[in-house]
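Engineer: Below are the chains, spelled out letter by letter.
2 protein chains.
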Amino acid sequence: MLESGLLRRGAIQLIMGGTSNLLDILDCQDTVGFTGSAATALTLRSSPNILKNGVRFTAEQDSLNGSLLGPDVVPGTAEFDLFVTEVHREMTTKAGQKCTAIRRIMVPEAYMETVQIALKERLLATKIGHPALAATEMGALVSLGQRLDVRAQARLIAKECDIIFGDEGSCHVEGADAEAGAFLSPILFCCLDPDQAVSVHEVEAFGPVATLMPYRNIDHGIALLNRGGGSLVASVITHDPAVARQVVLGAGSFHGRLYFNDRVSQAESTGHGSPLPHMVHGGPGRAGGSEELGGLRGVKHYMQQSAVQGSPDMLTAITGAWIKGATELTAASHPFTRDFYQLKIGETIHTAGREVSLKDIEHFAEFTGDRFYAHMDAEAAKANPFFPDRVAHGYLLLSFAAGLFVEPNPGPVLANTGLNTLSFQKPVVVGDCIKVQLTVKRKTRRTEEYGEVRWAVVLRNQNLDQVAEYELLTMNSYGETKVP
Amino acid sequence: MLESGLLRRGAIQLIMGGTSNLLDILDCQDTVGFTGSAATALTLRSSPNILKNGVRFTAEQDSLNGSLLGPDVVPGTAEFDLFVTEVHREMTTKAGQKCTAIRRIMVPEAYMETVQIALKERLLATKIGHPALAATEMGALVSLGQRLDVRAQARLIAKECDIIFGDEGSCHVEGADAEAGAFLSPILFCCLDPDQAVSVHEVEAFGPVATLMPYRNIDHGIALLNRGGGSLVASVITHDPAVARQVVLGAGSFHGRLYFNDRVSQAESTGHGSPLPHMVHGGPGRAGGSEELGGLRGVKHYMQQSAVQGSPDMLTAITGAWIKGATELTAASHPFTRDFYQLKIGETIHTAGREVSLKDIEHFAEFTGDRFYAHMDAEAAKANPFFPDRVAHGYLLLSFAAGLFVEPNPGPVLANTGLNTLSFQKPVVVGDCIKVQLTVKRKTRRTEEYGEVRWAVVLRNQNLDQVAEYELLTMNSYGETKVP
Chain A
15 MLESGLLRRG AIQLIMGGTS NLLDILDCQD TVGFTGSAAT ALTLRSSPNI LKNGVRFTAE
75 QDSLNGSLLG PDVVPGTAEF DLFVTEVHRE MTTKAGQKCT AIRRIMVPEA YMETVQIALK
135 ERLLATKIGH PALAATEMGA LVSLGQRLDV RAQARLIAKE CDIIFGDEGS CHVEGADAEA
195 GAFLSPILFC CLDPDQAVSV HEVEAFGPVA TLMPYRNIDH GIALLNRGGG SLVASVITHD
255 PAVARQVVLG AGSFHGRLYF NDRVSQAEST GHGSPLPHMV HGGPGRAGGS EELGGLRGVK
315 HYMQQSAVQG SPDMLTAITG AWIKGATELT AASHPFTRDF YQLKIGETIH TAGREVSLKD
375 IEHFAEFTGD RFYAHMDAEA AKANPFFPDR VAHGYLLLSF AAGLFVEPNP GPVLANTGLN
435 TLSFQKPVVV GDCIKVQLTV KRKTRRTEEY GEVRWAVVLR NQNLDQVAEY ELLTMNSYGE
495 TKVP
Chain B
15 MLESGLLRRG AIQLIMGGTS NLLDILDCQD TVGFTGSAAT ALTLRSSPNI LKNGVRFTAE
75 QDSLNGSLLG PDVVPGTAEF DLFVTEVHRE MTTKAGQKCT AIRRIMVPEA YMETVQIALK
135 ERLLATKIGH PALAATEMGA LVSLGQRLDV RAQARLIAKE CDIIFGDEGS CHVEGADAEA
195 GAFLSPILFC CLDPDQAVSV HEVEAFGPVA TLMPYRNIDH GIALLNRGGG SLVASVITHD
255 PAVARQVVLG AGSFHGRLYF NDRVSQAEST GHGSPLPHMV HGGPGRAGGS EELGGLRGVK
315 HYMQQSAVQG SPDMLTAITG AWIKGATELT AASHPFTRDF YQLKIGETIH TAGREVSLKD
375 IEHFAEFTGD RFYAHMDAEA AKANPFFPDR VAHGYLLLSF AAGLFVEPNP GPVLANTGLN
435 TLSFQKPVVV GDCIKVQLTV KRKTRRTEEY GEVRWAVVLR NQNLDQVAEY ELLTMNSYGE
495 TKVP
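Chains as they are written, first to last, in our numbering: chain A, 15 to 498; chain B, 15 to 498.
Mixed in with the good hints, there may be bad ones.
Since the list gives no way to pick out one identical chain from another, each pair is judged satisfied if it fits inside one copy or across any two copies.
What the hints assert, rightly or not - Here are the simulated DMTMM-like pairs of lysine to aspartate or glutamate, each with C-alpha atoms no more than 20 Å apart in a straight line:
no., residue 1, residue 2
1, Lys-457, Glu-494
2, Lys-373, Asp-207
3, Lys-338, Glu-282
4, Lys-66, Glu-216
5, Lys-449, Glu-380
6, Lys-108, Asp-374
7, Lys-108, Asp-163
8, Lys-440, Glu-466
9, Lys-112, Glu-151
No lab work stands behind these hints, which were simulated from the structure alone.
Because the structure is a prediction, the values reported are computed rather than measured.
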């Protein structure tokens, strides 16, 4: 990262060890982003300096994430196998020491036994051992202390559940000492009355520990998912879009991410436990009440926003982009003849006018094949709530506008690459005369040879009524001046 | 608000009095938005339940807002008078009991005396009195307790400053008893060494109290503005865009809003103290570290966001908008013949093809006047980094596309109102054959008679390469079915 040259010296620092009074000297220009347990997050968030000085604090806490087998899924289908695979993977990967690991497994009452058998079979086949052995599928916890903690939490959960797989006290380990190393067998609990239970929804054993529980119908399943009091991710394996929609509406506000998977998406899907950079990561309540990642949003969490108020000219000077109402500049030559760096923000031309005739409209219809009734049939056009009479095609106006502002000779404009937010604002009828205002709005370097110019384009009729407006995009050469 | 019918019963409640254990029973589905003092905000933010349960908490705290007279402004100009007017208004409106009131006044060293004289003159002329009197310009503070508090804070500030106007102990009041009512004279301090001073930047007297201080140059002025440790708003009266830009870059991250005003914007400007619904309100650090308002963002502060992962078909079912890759539906008739509610999301047509000839390109150039070299001159086109040869006009493609997908007869489609995010992705040369894919992407009710349909449009050539893509907007009649 440092060698990329993109980051300033000191921007990334890795501290091994204590951070001394770091939290006490942060101020409103700092952000603390924490990943870890709810208990540690609470301690950090409660620091007097963080509370007092408006230090931004985001926490991504391991939470009681749930996975639900859709009510539509029956044993023997791709979805059923997928569910068992995902749950097993989340329990055993990193020995279940993952903030997104599945802690609560919701299954339709009718399939509790089938799921139980399938999961036990997978867990039984999981090879626990020394990480240097090729066959090892699951290693040790991070420390003996951590194992003590997981065992203690598991005992709390056990008060409300039956153990259906595993034993916190014994574990078969290949190539290492099960007691000297922090090995722990996966433990699968079963909670038959998840409505009455409390610990299964609140206590997190941060290891290979999860609890299976039955649900009666999708509403009940959603209620159980939400009993976690906020989680990083909830997953639902279903092939029924109606189920997916219902879960989003019922559970969306309790989970940072809702993950749906089925036979269609399974080949491309990244798994319940994988936050993706372009998706929000973090979740409400128990998960920390914060947000990380989320595409461009992810950068903005480390930026600040300030509203800026001023005249259009002030805002144009501040932002470097032309704001409606700012002064129009006049240049000596047509903007299409001027290199990227010669063009000034605000440079504007007003074109000559072009009258639209009935012949133009009929000819355009004939040439393009667009004989939409509003252009061709006066009676039909008048019956329409938008038009007073036959009107010019929108694309005819765009085309005429280009004919009015384009400078034809080879020059710095390389291509029209697109346009944005085109709106047709007033009908143009026979006899109307169109003029174009074209203003340099924003310039952005794109390559070593050329950059993008965004132009504000406004079409007006003979009464100066605005008839259309859009943002035009072109690529423009830097010409001789490769640097500004 | 209730009578509008837009809000559910119970959505707005006004509680006069204590809120009992309200803060202790909030959870991750709640937001606390607080406006008031930094001290009260700290108490609320430190509630164990708010800290533990991820209850969202935003505070908009009164802060040490500053106003700066630009280094370009000289006495006798519109900007100079504007500055004096704004400062005076912020000191005396609501007797200075405003979260956004100006507490710190930064003036170029050379004009300290002139500003002092002008401000004293305005303050002296300010009529303090009974609110029922028509002549009264400034009334009392909210309570006698508040006056005690303001006096105490003012005494702290006084340790670092000279009083140049007003007296905390005496006040001329018309029509009321100055002592029995919580009247307080405006107090203007002067701090000649604002770099060494601490209280003037930290202690807020929440009344008609402000401190004047000199700055040496704009960097010094910016540093003083930022000494408030985060504020709701900083204002700068300047007619120099370069000053404005420098302040934004130097002070933006310390203030929720930066307000610039000059002779151009003064007639429209709402004043230093007025947060506007479409601008962010709130500020970093001392101002609470939160955000309110800000246009649509303002609504989102009270909503939650959840990332949703699934196949395109799942996402389409969940969102009600067609997602690229989702199943295309085929209807019995052309979508332009089907009413708003008959159209189904995902309904798609693939048109016949149309070959683009050299004659088409030349004719279009002739007809529209757009003779840009890339369409007309093979050598010039080839010299351009984007084109292999003479290419079709982008607007010719749009026009031919409409000719291919438009159904001409009167029907539910009322008008093409615009398009979004058009990108031309591959050049189209003579002999290429264009086909269009048109898909119903999203439907939105707009009036009682018609709604907006957004269409995903993709143009491909004979090799199925995508050559252009955009979102087309039309207004479509509900037809007989006025409700879905």
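Engineer: Should Lys-338 paired with Glu-282 be assigned to within, between, both, or neither, using CA atoms and 20 Å as the limit?
Structural biologist: between (45 Å within a copy, 15 Å between copies)
Engineer: Between copies, within a copy, both or neither: which fits Lys-108 and Asp-374 at Cα up to 20 Å?
Structural biologist: Cα proximity of Lys-108 and Asp-374: none, with 70 Å in one copy and 64 Å across.
Engineer: Is it within a copy, between copies, both, or neither that the alpha carbon of Lys-457 lies no farther than 20 Å from that of Glu-494?
Structural biologist: within (17 Å within a copy, 49 Å between copies)
Engineer: First find the shortest C-alpha distance between Lys-373 and Asp-207 inside one copy, then the shortest across copies, and answer within, between, both or neither for a cut-off of 20 Å.
Structural biologist: Neither. Shortest intra-copy (78 Å) and inter-copy (77 Å) distances fail the 20 Å Cα cut-off.
Engineer: Cα distance capped at 20 Å. Does Lys-66 pair with Glu-216 within a copy, between copies, both, or neither?
Structural biologist: Classified as between; 13 Å across copies, 30 Å inside a copy.
Engineer: With identical chains, the pair Lys-440 and Glu-466 could be close in the same copy or across copies; at 20 Å between alpha carbons, which is it: within, between, both, or neither?
Structural biologist: between (29 Å within a copy, 17 Å between copies)
Engineer: What label fits Lys-112 with Glu-151 when the C-alpha limit is 20 Å: within, between, both, or neither?
Structural biologist: Answer is within: at 16 Å inside a copy they meet the 20 Å cutoff, but 63 Å across does not.
Engineer: At most 20 Å between CA atoms: does that hold for Lys-108 and Asp-163 within a copy, between copies, both, or neither?
Structural biologist: Only inside one copy: Lys-108 and Asp-163 sit 16 Å apart there, 58 Å across copies, limit 20 Å.
Engineer: Go through the copies and call it for Lys-449 and Glu-380: within, between, both or neither, with a Cα cutoff of 20 Å.
Structural biologist: between (24 Å within a copy, 18 Å between copies)
Hint compliance for this structure: hints 2 and 6 are not met, and every other hint is.
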